[in-house]
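Produce the complete structure using the sequences and hints provided.
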Amino acid sequence: MCYGALCLRRESEFQANFIFGLLQGAAPVVFTVLFWAAVLEDRPAVGGWGLPELCVHGGFASMVIGIIGSIIGLREMGEAVISGELDKYIVRPMCPVWGLIVEYCSFSQIWPYVACGVASIVLATTRFQLEFSLLRSLDALFLVGIGAACWVLISGCVGLLSNLTGNRMTGLWACMSQLEMLYRIPVPLISSNAVHWIVRILAVGFIATYPSAVFLGKFSGEAVVVTNVVGVTALCAWGVLFGILSRACRRAHESFGG
Amino acid sequence: MTDYGFDIQAEGLSKTYFRRRLLDVLRRRSPEETARVGIRSLSLSISAGESVGIVGPNGAGKSTLFKLMCGIIAPTEGSIVVGGWRPQEDRRRFTRHIGVVMGHKNMLWWDIPARHSLRFCAALYDIGDESFEERRDYLVGALGLSNLLESAPKRLSLGQRRLIECACACLHAPELLLLDEPAIGLDIVVRNRLAKVLKHMQEEYGTTIVLVSHSLDDVDMICDRALVMKEGGIIFDGSLDDLRRLDKSRGVRVSLDGAPGERISIKVPGAQPQVFRKAGDVQYQCDVPEALVSPVLSALLDRYHVRNVEIGAASVESVLLDLYEEEPGRGGERPHPGPRLETSLYCE
Numbered sequence: 001m002c003y004g005a006l007c008l009r010r011e012s013e014f015q016a017n018f019i020f021g022l023l024q025g026a027a028p029v030v031f032t033v034l035f036w037a038a039v040l041e042d043r044p045a046v047g048g049w050g051l052p053e054l055c056v057h058g059g060f061a062s063m064v065i066g067i068i069g070s071i072i073g074l075r076e077m078g079e080a081v082i083s084g085e086l087d088k089y090i091v092r093p094m095c096p097v098w099g100l101i102v103e104y105c106s107f108s109q110i111w112p113y114v115a116c117g118v119a120s121i122v123l124a125t126t127r128f129q130l131e132f133s134l135l136r137s138l139d140a141l142f143l144v145g146i147g148a149a150c151w152v153l154i155s156g157c158v159g160l161l162s163n164l165t166g167n168r169m170t171g172l173w174a175c176m177s178q179l180e181m182l183y184r185i186p187v188p189l190i191s192s193n194a195v196h197w198i199v200r201i202l203a204v205g206f207i208a209t210y211p212s213a214v215f216l217g218k219f220s221g222e223a224v225v226v227t228n229v230v231g232v233t234a235l236c237a238w239g240v241l242f243g244i245l246s247r248a249c250r251r252a253h254e255s256f257g258g
Numbered sequence: 001m002t003d004y005g006f007d008i009q010a011e012g013l014s015k016t017y018f019r020r021r022l023l024d025v026l027r028r029r030s031p032e033e034t035a036r037v038g039i040r041s042l043s044l045s046i047s048a049g050e051s052v053g054i055v056g057p058n059g060a061g062k063s064t065l066f067k068l069m070c071g072i073i074a075p076t077e078g079s080i081v082v083g084g085w086r087p088q089e090d091r092r093r094f095t096r097h098i099g100v101v102m103g104h105k106n107m108l109w110w111d112i113p114a115r116h117s118l119r120f121c122a123a124l125y126d127i128g129d130e131s132f133e134e135r136r137d138y139l140v141g142a143l144g145l146s147n148l149l150e151s152a153p154k155r156l157s158l159g160q161r162r163l164i165e166c167a168c169a170c171l172h173a174p175e176l177l178l179l180d181e182p183a184i185g186l187d188i189v190v191r192n193r194l195a196k197v198l199k200h201m202q203e204e205y206g207t208t209i210v211l212v213s214h215s216l217d218d219v220d221m222i223c224d225r226a227l228v229m230k231e232g233g234i235i236f237d238g239s240l241d242d243l244r245r246l247d248k249s250r251g252v253r254v255s256l257d258g259a260p261g262e263r264i265s266i267k268v269p270g271a272q273p274q275v276f277r278k279a280g281d282v283q284y285q286c287d288v289p290e291a292l293v294s295p296v297l298s299a300l301l302d303r304y305h306v307r308n309v310e311i312g313a314a315s316v317e318s319v320l321l322d323l324y325e326e327e328p329g330r331g332g333e334r335p336h337p338g339p340r341l342e343t344s345l346y347c348e
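Protein chains in written order, with this note's numbering: chain A, 1 to 258; chain B, 1 to 348.
The hints are simulated quantities; they were obtained by calculation from the structure and are not laboratory data. Some hints here could point you the wrong way.
What the hints assert, rightly or not - Computed cross-link-like contacts, EDC-like style, restricted to lysine to aspartate or glutamate with a CA-CA straight-line distance of at most 16 Å:
| id | chain 1 | residue 1 | chain 2 | residue 2 |
| --- | --- | --- | --- | --- |
| 1 | B | 105 | A | 79 |
| 2 | B | 105 | A | 85 |
| 3 | B | 154 | A | 103 |
| 4 | B | 196 | B | 220 |
Have a look at this one:
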């Protein structure tokens, strides 16, 4: 509770972010819809995904991008380690990684993306009269949670590598930023096998493709179960890796900055 | 609170920093070749409720020892036990009982008013509302923080931020206070206030205090005991009075009529000349070996019209300077000092 209050307090110090945040959240969804509308001008669908499905896909992608964007603090881990700023969390009874996330957490990054994502899904469902199921919707939200949690853990692992190597890992963060393109395209539209493996290992598919496929009823009952099991497995695997790196970092931490 | 009280026991403590880069790996350099020793085989014992100052030249290992006590880093060899806890392994539970101020690092939330940092610390350490208000009011009054709490740390000076950090560290009445240069940027009035607060913590709560500082005045004001470190080891462990007694000198300060120049050299039979340096309009000062005080004063009285004479303890700084500049690797006892050796010109 106190962490949350600190975040809100900090956000309220920067009121201008509210307005720009709204524009920032709306822009990706709007441009995604415009892009696919242009692509699908002379064809009904691409790889089995028509404009209504792609609007739903864009909505889910926007929600998760917002959640992932709020944990920007993990990207500051490298700088916090190099400058010695991580120490102020280590000497207090709190998780240093969580402390970083909270200090840099930006709610203005979450709500516009989530709001615009939900709006996109609702508009697409009503406008194109898509079949709606509460159970599928809840499962889709569960998979969105899996995707977001996996990416938080992946970002945490990269951040902890900063601690282990004494390096800011800016190059690795830049590579991860490029993976954003994979969020915005339904996975079946990607033909490369190599990319399919990346999608599975990095749980990119759980960010938008699988939640939107479940929401739209594109998966059969068995496929839904398998998707959920794979998602939970991926989450556990990244969680274990995060735990291992955390322990290693605790011993290896050098506390730069004197 | 543990059954141990908050004592600190270190046995054979060593910390080595290994640095390996890709180039080192390609050149097949072993980790030992690129290693830097922070602390070597250090053993010490600090009792619960004691206040200890740690001083030393740059690179002596003070901050390394400090961080080992806080649990920020792990030792390479040996062990350190603080209040029965192993600081790094038991970090979550251990840190509930300590307060830390690191003078060179920001410990506050940068963008929000400082009072929120205090409130956050209260929540973090599970301080009840009543205790929080009582201690907050005391600390705000004692440290003069009332005008500062509504400002975000980014708008405060370094000294003001340090004061608030000290308040945050003391808020939960910790069993152990670890302070690394807490008085940076503080004027003498505020330093006195901080010293009083720390003394209050020690008397009221039995808090053990460990202070790392370059300022011997701070150590003198706050601490009962001093540890002098050099090159990763402890070369002196005792009270500041014991430190002063190491040097068998007396600080002699004289006021002379007709100030004769910047320096006065007094030659005493069978000893090196004692050089008095100007310390004011008419004052001259010198640390004179105890055995030579009388003949030096006689020579001064014969040669000049002496208005005033003060004889006191030698400055601690001069003792420390000698300790720092002693032959490396000589830990333990300091050799008995001979007469001061200085070269100078006679002044007429």
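Quick rundown of the hints versus the structure:
no.: 1; hint: B:105 <-> A:79; result: holds, 14 Å
no.: 2; hint: B:105 <-> A:85; result: holds, 7 Å
no.: 3; hint: B:154 <-> A:103; result: holds, 14 Å
no.: 4; hint: B:196 <-> B:220; result: holds, 13 Å
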